[in-house]
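The whole structure should be built from the sequences, with the hints applied where relevant.
Chains as they are written, first to last, in my numbering: chain A, 9 to 299; chain B, 2 to 354; chain C, 7 to 429.
Each hint should be verified, as a subset may be incorrect.
Facing chain A, a subset of chain B residues (Cβ under 10 Å, in silico) [unchecked claim]: (1) Gly50; (2) Asp70; (3) Asn82; (4) Met89; (5) Ala142; (6) Leu155; (7) Gly234; (8) Phe235.
Distance condition first, Cα-Cα at most 30 Å in a straight line; then the derived DSBU-like pairs of lysine-lysine [to be verified]: (9) Lys297(A) with Lys132(B); (10) Lys211(A) with Lys128(B); (11) Lys252(C) with Lys154(A); (12) Lys49(A) with Lys79(C); (13) Lys150(B) with Lys211(A); (14) Lys295(B) with Lys264(B); (15) Lys340(B) with Lys297(A); (16) Lys318(C) with Lys49(A); (17) Lys297(A) with Lys128(B); (18) Lys100(B) with Lys297(A).
I should point out that these hints are in silico values taken from the structure, not numbers from a laboratory.
Backbone N, C-alpha and C define an ideal beta-carbon position, used for all residues, glycine too.
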Amino acid sequence: MSKSAKRKKWALLIYLGPAMSFLSVFIILPILFLLGLSFFKWDMLSGIYSFTGLSNYLGMLKDPNFYNALGNTVIYVLGTVPLGMAAALLIAVIINRKIRAFSFYRTAIFMPVIVSLAATGIIWLWIYDYQNGILNHILVEIGLGKVNWLGNPDIALFSVMSVTLWKRIGYNMVIFFAGLQVIPTQLYEAAKIDGARAGSQFKYVTWPNLLPTTSFVLIINLIFAFRDFSQIYVMTRGGPIGSTTTLVYYIYETAFNEFNIGYAAAVSMVLFVLVMILTYVQINYFSAKER
Amino acid sequence: MLEVKELTKKFKQTVACKDINFKVDDGEFFVLLGPSGCGKTTVLRLIAGLETLDRGNIISNNMSLNEVDTQDRNVAMVFQNYALYPNMTVRKNLEFPLKMRKTDKNRIPEIIEEIAGLLQMAEFLDKKAVKLSGGQQQRVAVGRALVRKPEIFLLDEPLSNLDAKLRQHLRVELARIHKELNITTVYVTHDQAEAMTLGDRILVLKKGEIQQVGVPEDIYESPANLFVAQFIGFPEINLFETELREGKFKIMGTDAKIKKYSKIGNKKVIAAIRPEDIEIIDSGNGIQAQLEIKEVSGPDTILYLKKDDKQIRLRVSKEKRDLIPEEKEAVELKIEPDKVMLYDYESKKLIKP
Amino acid sequence: MQLPMKYILILLIFICACGTGDSDKVVLKFWHGIESPENNKLLKQKVAEFEKKNPDIRIELQNIGAQDKAMPKIMTAISSGEYPEILWFAPVYTGKIAQSGKLLAAEDFFDRGPEFDKNNIYEGLLESGQYQGKIYTVPFETNCLAVYYNKNHFKEAGINEAPETWDEFRQAAQKLTVDINNDGAPEQYGFLIPLGTEEWTVWTWETFLWQAGGSLLNDDRTRPMFQKQPGVEALNYWLDLRYKYKCASFSARNAGYKLDPFLSEQVSMMVNGPWNYPILKDQDYIKYGSFALPAGDRDATNIGGENLYLFKTTSEKEKAAWRFAVYVMSKDFQVDWAINTGYLPVNKKAATSERYKQFLGDNPFVRTFIDSMDFGKARPPVPGYSRMSRRIGEAIEEALYRKQTPGKALQKAAEKTEEIMQQ
Ligand SMILES: Nc1ncnc2c1ncn2[C@@H]1O[C@H](COP(=O)(O)OP(=O)(O)OP(=O)(O)O)[C@@H](O)[C@H]1O
Ligand SMILES: [Mg+2]
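Below, the structure written as structure tokens:
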């Protein structure tokens with residue numbers, strides 16, 4: 009190895025070292041620990057671990073609650089991510105056009121982002137309340153019947169998803185907005201001069217130039233959607249009859265109400281692998297596009 | 002034909018341009034010249050419809066463009082920093098205006114071929130726009146503007162980001178292309194040399210107001226006011242405060258007389274004389290001055306002299322080079338009174354005999 | 007070399023002085039989940055009194071938040087060894103926590119001092135803290151369930167006597183259900199069924215199970231029994247109230263304990279405990295009253311409350327903690343606590359004291375609960391209780407939502423409980 013190459017290697021270590029050790033202590037080690045746990049049976053309290061091999065994973069295959077949670081997660085992700093991104097993009101584009109005139113709306117839309125998820129949940133719990141909630145008041149006011157937003161197992165998941173959307177749109181919007189601001193105005197002017205109207209400007213200028221931002225937002229949103237917990241915990245506790253139990257909530261339930269830590273770890277690993285695969289596919293897709 | 006009437010645009014406090022009037026004939030190469038911040042870009046953007054005007058009229062082919070969207074103006078523009086679509090290849094960039102204007106798909110390749118030939122872009126047609134050199138990008142920008150044969154072609158300092166040699170080269174290219182296509186062109190620059198060589202006519206702007214419009218020779222030989230006189234020409238024109246009395250005035254301590262000014266009354270004036278109109282002589286009875294610095298500028302030599310604590314600038318041609326002494330030595334000068342222009346001390350305007 | 011040493015010494019003294027102002031005292035961490043501000047204030051006051059009497063002990067109070075959400079926190083604390091010396095928690099988790107091996111058996115302390123007499127404490131309450139035949143946790147406060155009712159509604163419906171049986175109760179609920187504007191959806195319902203899967207729902211339902219003659223587990227607490235006929239009857243009774251007779255409404259999920267529907271007069275009767283008495287007292291009991299839960303096959307109510315969990319630490323601390331427990335179970339503490347909070351005393355001497363008797367005379371609302379204690383039962387504190395309870399809760403919810411018949415839902419829960427019990 010030449011001298012300069014050696015030096016380069018050292019520099020790499022120095023630069024990456026802190027981040028790498030942080031990653032390994034706070035992320036990689038816990039994941040490995042979790043992976044290990046998933047082969048055991050452990051109830052957290054009694055110091056008794058017993059190695060059970062793959063039985064946690066095999067149990068999952070026969071566990072209707074796991075499939076229920078998986079199905080709910082898929083609905084939740086598919087329902088919140090694309091819609092949350094599309095709406096955020098639309099609002100960001102509109103605001104970006106009339107930036108000054110809209111500063112009020114910008115705050116209004118960003119507000120949900122600052123409010124913590126748990127507080128959001130509590131606010132919406134009140135809005136959704138069957139007897140006294142403002143939403144049902146309005147429905148009754150305009151002559152429609154009450155809806156049991158969080159109590160009806162056919163509706164509850166969608167009610168929770170709406171809250172997530174409400175919150176996530178603001179977040180996404182801010183990122184999209186930042187991405188839009190970076191696109192040079194001259195590109196739009198050039199496009200105008202070339203004869204492009206709003207639609208074509210979006211298609212040929214906004215969309216391609218926003219692609220890195222969109223890719224980032226998509227990955228973040230997917231990870232968020234798979235991880236969302238507080239609003240479910242606060243608003244529905246996974247119910248009624250499991251209709252809002254997503255994988256994360258199911259993990260919580262099995263770990264902290266059932267004290268079945270090993271099984272929860274196994275479900276966590278499934279979730280982890282799922283998110284890894286999706287992220288990997290996306291990064292590949294987008295970097296191929298950029299090239 | 003493009004006509005601009007009383008064009009006025011304010012940005013909050015700043016008046017970007019005020020009461021601008023000019024006409025550009027079909028096929029003419031019209032140059033807007035002025036120092037940075039004088040409103041050149043604003044005028045172009047108003048013509049393109051990228052800014053809304055406060056007052057005035059933009060007329061093309063006897064039709065007002067004021068209410069017409071940019072997209073429908075049939076005006077093309079090259080931006081100062083090119084504004085190519087970074088994610089598209091050169092070919093896609095060139096196709097874009099055609100696609101937007103619903104050009105027959107089958108004809109597009111042929112048109113691209115032609116424009117690529119004209120601008121010598123064939124070898125990088127399929128590269129991404131961001132990966133080109135500055136000069137290549139500039140050509141693509143011009144190509145993208147010209148590909149749809151616009152009625153009016155606007156260029157905003159298209160050469161200012163390039164190195165001197167490339168600038169020179171592309172200037173010639175632009176002149177050639179203009180000759181070939183003969184599109185009505187408005188060209189913005191702050192570089193007087195570019196303006197002089199390219200422009201059929203030049204409009205000089207200062208702080209949003211017109212100073213002079215005319216062919217390059219007029220602008221150079223009889224600048225309408227001191228601003229134009231000083232702005233155009235290198236090195237800067239020599240100015241002397243003096244009194245005009247019955248056609249006579251004193252300049253560098255010697256008397257001079259110009260017949261054509263004899264009818265004008267006595268007043269304070271500023272005499273202006275171009276550096277190349279002061280001669281070096283060795284007769285022994287000329288004006289005495291001291292040489293401070295000499296610089297070679299191509300075939301000519303630029304001299305900076307000192308006379309009564311005032312700097313005097315000279316441009317000496319090759320033939321007279323032998324007469325130039327060493328720095329810090331004395332020089333003898335002679336002025337041709339007929340070449341002197343007089344400006345009113347108060348109004349700074351050219352006094353016309 | 008001289009100078010730094012001096013500074014270090016000063017620094018050391020300073021640190022010591024700041025760190026442990028009362029280093030000679032035994033410090034006990036006491037975790038609790040008491041929610042109402044008034045009760046928190048009272049606790050502080052009583053703790054201060056204790057500290058005055060025991061100058062060598064200092065109690066550090068820490069509120070760990072609502073009880074049904076505190077379990078994960080407690081579990082993590084125990085498994086990481088960061089647990090407190092004293093914990094206030096529902097007795098039913100005794101078995102689960104005792105399994106960890108970190109819990110002290112209170113019974114071992116019973117004879118170690120003159121102040122404590124086990125016979126003064128209600129036997130049933132001591133049993134509620136048993137694990138493997140030994141008393142681990144001791145009662146702090148107790149309570150049970152009865153029915154709250156709206157006096158005006160009763161008058162309007164012409165009901166003069168409290169219903170005593172399931173049938174009478176159902177008939178009353180029917181009379182109390184009023185559709186004021188005749189839109190087919192009553193504005194006032196007779197009864198509030200606590201919907202949800204969490205402990206409140208299950209706790210309430212268990213009283214109906216017992217009234218129907220059933221039980222949760224078999225006698226040696228090894229196998230589930232709630233899925234048998236009485237359980238199905240109990241669940242069917244709720245379903246009928248809701249769907250057949252349409253005289254009951256559901257609470258918000260997992261919020262069956264909340265008074266809002268009752269106080270806003272949307273329901274006329276609900277099941278609840280004595281601890282809301284300070285709120286209802288403000289109305290002089292003009293509007294609201296209480297009566298014992300109706301009998302099915304027999305009378306039954308569910309005894310609740312909280313126990314003190316003492317953890318293994320140093321013998322000095324353990325002794326101090328036990329002293330605190332003795333103080334809590336003493337007659338004086340119990341009377342003060344009961345009179346101010348509405349909880350019921352755990353000490354017989356407190357319950358029969360003049361002060362308390364007078365209090366009951368003034369508060370017939372609370373008397374209902376004291377009387378109900380006669381037929382009260384506590385949940386079995388087996389280690390698997392919380393998991394079994396969640397299974398039962400899920401079954402109740404599925405049945406109430408009519409996704410499953412009561413029989414099948416309970417059967418499924420029982421099968422899972424079998425698994426839990428075998429572990
Ligand atoms: N969008 C705008 N908002 C506010 N002021 C502006 C705007 N555009 C231009 N101006 C101001 O108007 C004046 C003229 O600007 P303009 O860009 O037309 O000058 P220019 O002659 O093109 O200068 P340069 O040679 O540096 O490009 C300047 O003072 C500038 O600050
Ligand atoms: Mg400009």
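Outcome of the hint check:
no.	hint	verdict
1	Gly50	holds (8 Å)
2	Asp70	holds (8 Å)
3	Asn82	holds (7 Å)
4	Met89	holds (8 Å)
5	Ala142	holds (9 Å)
6	Leu155	holds (9 Å)
7	Gly234	violated (33 Å)
8	Phe235	violated (32 Å)
9	Lys297(A) with Lys132(B)	holds (16 Å)
10	Lys211(A) with Lys128(B)	holds (21 Å)
11	Lys252(C) with Lys154(A)	holds (17 Å)
12	Lys49(A) with Lys79(C)	holds (20 Å)
13	Lys150(B) with Lys211(A)	holds (24 Å)
14	Lys295(B) with Lys264(B)	violated (39 Å)
15	Lys340(B) with Lys297(A)	violated (66 Å)
16	Lys318(C) with Lys49(A)	holds (26 Å)
17	Lys297(A) with Lys128(B)	holds (15 Å)
18	Lys100(B) with Lys297(A)	holds (22 Å)
When held up to the earlier numbered hints, the structure conflicts with 7, 8, 14 and 15 and fits the remainder.
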